[in-house]
Amino acid sequence: MCKGGNRLTCQKHNGDGVTDELFRAEGLSKTYPGVRANDEVSFSVAAGEIHALLGENGAGKSTLVKAIYGLIRPDAGRMWLGGVPHAPSDPHAARAAGVGMVFQHFSLFDALTVAENIALGMDAPPRRADLSRRIAQVSAAYGLPLNPARRIESLSAGERQRVEIVRCLLGNPRLLIMDEPTSVLTPQEAEILFATLRQLAAQGTAILYISHKLDEIRTHCDRATILRQGRVVGTVNPRDHSARELAAMMVGAEMRLVDRSGRQAGAVVLTVAGLTSAPATEGTSLQDVGFQIRAGEILGIGGVAGNGQEELIAALSGETTGRPGTVVLDGHDLSAQGPEPRRRAGLLAAPEDRLGHAAVPEMSLTENAILTGATRQQLQRRGVIDHRAARRFAETIIADFDVRTPGPATAAGALSGGNLQKFVIGREILQAPRALVVNQPTWGVDAGAAAAIRQALLDLAGRGAAVVVISQDLDELLELSDRFAALNAGRLSAPVATEGLTLEQIGLMLGGAHGMEVAHVAA
Amino acid sequence: MLRLEPRAATPWWLAVASPLMAVVATMVAGGVLFALMGFDPVASIRTIFWDPLFGPASGYSRPQLLVKAGPLILIASGLAIGFRAGIWNIGAEGQYIIGGICGAAVALAAYPAEGAWIFPAMVLAGAAGGWAWGMIPATLRNWTGASEILVSLMLVYVAQRVAAWMAFGPMRSPEGFGMPGSRNLQHYPSAANPELMAGTGAHWGVVAAALAVLATWFLMSRHIRGFRIRVAGLAPRAARFAGVRPETLVAFCLGLSGALAGMAGLFEVSGPGGQITDSFGSGYGFTAIIVAFLGRLHPLGILLAGLLLALTYIGGELAQLMLQLPAATVQVFQGMLLFFLLGFDTLTRYRLRWRGTK
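These protein sequence lines map, in sequence, to chains A and B.
Here full-length UniProt numbering is used: the first sequence runs in plain steps of one and ends on residue 523.
Here full-length UniProt numbering is used: the second sequence runs in plain steps of one and ends on residue 358.
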């Protein structure tokens with residue numbers, strides 16, 4: 001086993017009398033103003049183990065791993081890594097001690113290439129050619145296809161994540177922290193990732209795995225530590241518990257399941273035909289995309305990010321306009337109209353990227369409510385903003401969608417990902433759209449919030465709206481949609497009824513192999 | 001070792017304190033500079049910052065405060081809107097000059113007719129001239145992607161040449177004995193922009209500046225268009241999603257700031273300046289950039305910053321006169337002010353930490 005890159009790990013295994021407990025935390029506490037984020041958290045991770053950290057948004061997972069990675073200092077408590085006290089003053093020290101972390105939000109420079117981005121994160125980057133070769137080696141060895149010369153802006157979310165993972169692996173971590181890594185992957189891609197993780201674990205690397213995809217954790221994780229409101233609820237073997245039991249431990253109550261009943265398809269609401277986008281310099285252009293969707297219906301569009309999802313939602317929201325007849329709502333041709341006229345007509349959208357696209361992080365929730373609600377909610381009269389009405393609308397969203405925040409004056413960027421997503425989706429749903437298009441509605445959202453968002457989408461369809469859900473989460477699409485279509489390389493397959501479809505069949509529809517290609521990057 | 005650590009959030013008082021600290025630091029550094037040059041630092045600083053307002057000669061210099069602050073505030077109000085949207089008009093000086101020329105052209109064409117329409121027409125012509133000069137970088141950016149920073153800045157030098165051409169050529173006063181420069185509009189009642197209340201220095205340009213402060217405050221904090229401008233500056237993709245067309249925004253911001261700068265030029269040429277000369281531009285357009293940033297791009301802040309920068313102009317002149325300080329004093333002070341402001345702004349986003357070397 002002791003070959004190549006994992007020198008540190010190998011030493012540990014050959015070491016004298018070292019137990020296989022690699023990391024240990026005892027009594028970690030961290031208080032932010034008004035919140036006790038971590039309350040006497042104690043747990044341990046063994047070498048070679050895939051250890052899940054499970055909890056709702058705000059349960060303290062992020063705070064905990066930030067402490068391990070040196071981003072924050074706990075108020076109290078101690079940590080050990082490999083038997084040595086671990087109190088990193090900054091991520092640099094944590095990395096030197098052998099901790100690697102892949103974040104949920106990527107920190108990559110769009111204008112630079114994969115290799116340049118990775119070099120930027122290194123203390124002493126090797127020559128570019130050597131680095132490119134190492135990147136190619138690591139990505140091939142772990143089944144993470146990646147071309148070091150590609151520019152980040154041309155990569156999909158899934159590919160960007162690979163860059164982050166490879167960046168970590170180049171540092172030979174003993175403890176690898178992964179924050180919701182599969183939220184952007186197809187099942188096939190996720191399988192490849194798990195093969196990678198198992199390979200790393202077999203070499204003795206400990207993996208701390210943050211997720212709320214319970215099935216995934218049950219299949220792949222050796223142990224799971226469950227957090228609730230900053231405290232450890234327990235450490236269990238996830239294979240011994242059902243997903244519902246785990247979820248119950250997470251939220252402290254029984255989860256509700258989504259209710260699909262009570263919907264009937266009505267007249268055609270939205271017709272998209274012959275939608276073709278001019279080939280962007282480094283994006284995926286849409287090729288003759290077309291579909292029809294009826295009132296009360298949910299159309300699921302699956303596919304790996306980077307296959308035209310961004311372009312499709314931009315073409316539907318009005319951020320890009322098209323030839324006449326390509327986007328028709330209730331008989332009105334909106335093809336040449338921008339976002340505001342489309343909202344007025346009833347075609348609403350919620351893009352994937354919450355920070356900076358669907359919402360402005362620096363602005364308050366009230367202001368973010370104005371962002372798309374100005375016209376339809378009458379938050380302005382002849383251009384003059386009615387701040388009172390805007391605050392009321394924001395308060396309604398917060399109340400109806402259980403957005404956990406001190407109030408509407410809070411900056412959007414201060415909300416956790418799940419809470420902001422609930423706000424963004426709620427903002428569109430409460431405007432009673434005729435047709436709503438959402439991209440990755442539950443990306444990075446905890447199980448409880450994801451269920452609430454899905455239920456809200458179903459309820460919206462139940463009230464007679466047409467809903468298009470673009471997602472990479474196939475379980476979600478199967479759960480929600482009446483019909484399913486796959487977006488692959490800018491082309492949309494003909495929608496088929498979801499009833500009776502299996503994950504495997506869908507995988508094949510998606511062109512299956514797309515996510516499974518073995519790395520064929522130039523060595 | 002001293003290190004900078006990013007702050008999670010900027011405390012509000014720090015955002016207010018930073019310009020004030022910059023002013024104090026400028027005074028201290030200026031005092032040190034004067035001391036090194038052999039001047040009495042306390043007397044120098046007092047001459048620049050205190051005497052224009054409360055000194056023995058303040059009767060003359062106090063009205064000058066509004067005369068200088070008017071154009072600065074008027075121009076900075078327009079610039080701040082574009083700066084909020086991430087659209088950088090660096091060429092207000094050029095728009096100011098062209099606005100002055102266009103306004104003066106109306107007056108000179110009408111001369112010697114008298115009429116109540118003449119002055120309003122000059123204001124419109126001044127605004128239109130500045131607007132047109134601002135639309136050049138806007139159009140080039142929208143059509144070719146050319147940087148509005150470079151284009152607007154380069155157009156300042158073009159405008160300066162145009163002013164010289166006008167002063168020596170088409171606009172040269174026939175009664176000027178061959179000297180360059182147009183007729184003096186102060187002596188042409190229908191075109192003159194006189195002091196409205198004796199001893200205040202307030203002319204129509206000051207009124208316009210006050211209105212501009214109110215109007216930009218309304219636009220930026222109450223109007224949907226101002227809201228979208230702020231969104232565009234903070235998150236361009238969110239602005240697009242909200243329905244902002246970037247091309248429209250570029251044209252709006254450059255056009256508006258150009259029009260306000262052009263009006264400032266017109267009020268100057270018809271008032272305190274009096275005539276188009278080859279050196280008509282006096283740096284207001286550049287100083288207004290400092291005013292906009294010192295005022296936090298906020299209308300009220302711009303009002304205060306405009307008054308402060310006007311004070312450095314007047315105080316600098318006074319110091320030249322009374323203490324024989326060099327003429328560059330004003331520029332040094334304005335430069336230091338911007339320098340310290342940017343420095344203290346860093347502290348609003350980062351905190352200083354002592355840390356031992358590893």
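Rather than coming from a laboratory, the hints here were simulated on the basis of the structure.
Cβ coordinates follow ideal geometry from the N, Cα and C atoms, glycine included.
Don't take each hint at face value.
Claimed, not checked - Only some residues are given here: those of chain B computed to face chain A with a beta carbon under 7 Å:
no., residue
1, Y157
2, R161
3, M220
4, R222
5, I224
6, L234
7, A238
8, A242
9, G243
10, P246
11, T248
12, R351
Unchecked claim - DEER-style ranges, computed between Cβ atoms:
no., chain 1, residue 1, chain 2, residue 2, range
13, B, R3, A, G83, 45 to 51 Å
14, A, A432, B, V158, 41 to 47 Å
15, B, L2, A, P406, 33 to 39 Å
16, B, A215, A, G266, 56 to 62 Å
17, A, A149, B, A35, 54 to 60 Å
Consistency of the hints with the structure:
Look at B/Y157: its Cβ only gets to about 31 Å from chain A, farther than 7 Å, so that hint breaks. Hint status for B/R161 relative to chain A: violated, with the closest Cβ pair at about 37 Å, above 7 Å. Restraint check, B/M220 versus chain A: the minimum CB separation of about 11 Å is more than 7 Å; hint violated. Of the supplied interface hints, the one on B/R222 holds, with its beta-carbon coming within about 6 Å of a beta-carbon of chain A, less than 7 Å.
Because the smallest distance between the Cβ of B/I224 and any Cβ of chain A comes to about 5 Å, under 7 Å, the interface hint for this residue holds. Look at B/L234: its Cβ gets to within about 5 Å of chain A, closer than 7 Å, so that hint holds up. With 7 Å as the threshold, the beta carbon of B/A238 comes within range of chain A, its nearest partner Cβ sitting at about 5 Å, so the hint holds. About 5 Å separates the beta-carbon of B/A242 from the nearest beta-carbon of chain A, less than 7 Å, and the hint is met.
Annotation: interface hint on B/G243 holds; nearest CB of chain A at approximately 4 Å, less than 7 Å. Annotation: B/P246 was flagged as interfacial toward chain A, and the flag is violated, the nearest CB pair being 11 Å apart, outside 7 Å. Checking B/T248 against chain A by beta carbon gives a least distance of about 10 Å; that is not within 7 Å, so the hint is violated. Annotation: B/R351 was flagged as interfacial toward chain A, and the flag is violated, the nearest CB pair being 14 Å apart, outside 7 Å.
For the hinted restraint 45 to 51 Å between B/R3 and A/G83, the CB-CB distance of approximately 30 Å leaves it violated. For A/A432 paired with B/V158, a C-beta distance near 54 Å fails the hint of 41 to 47 Å. Take B/L2 and A/P406: their Cβ atoms lie about 35 Å apart, and the range 33 to 39 Å holds. Judged by the Cβ atoms, the range 56 to 62 Å given for B/A215 and A/G266 is violated: they are separated by roughly 49 Å.
For the hinted restraint 54 to 60 Å between A/A149 and B/A35, the CB-CB distance of approximately 58 Å keeps it satisfied.
Comparing the model with each earlier hint shows violations of hints 1, 2, 3, 10, 11, 12, 13, 14 and 16; every other hint is respected.
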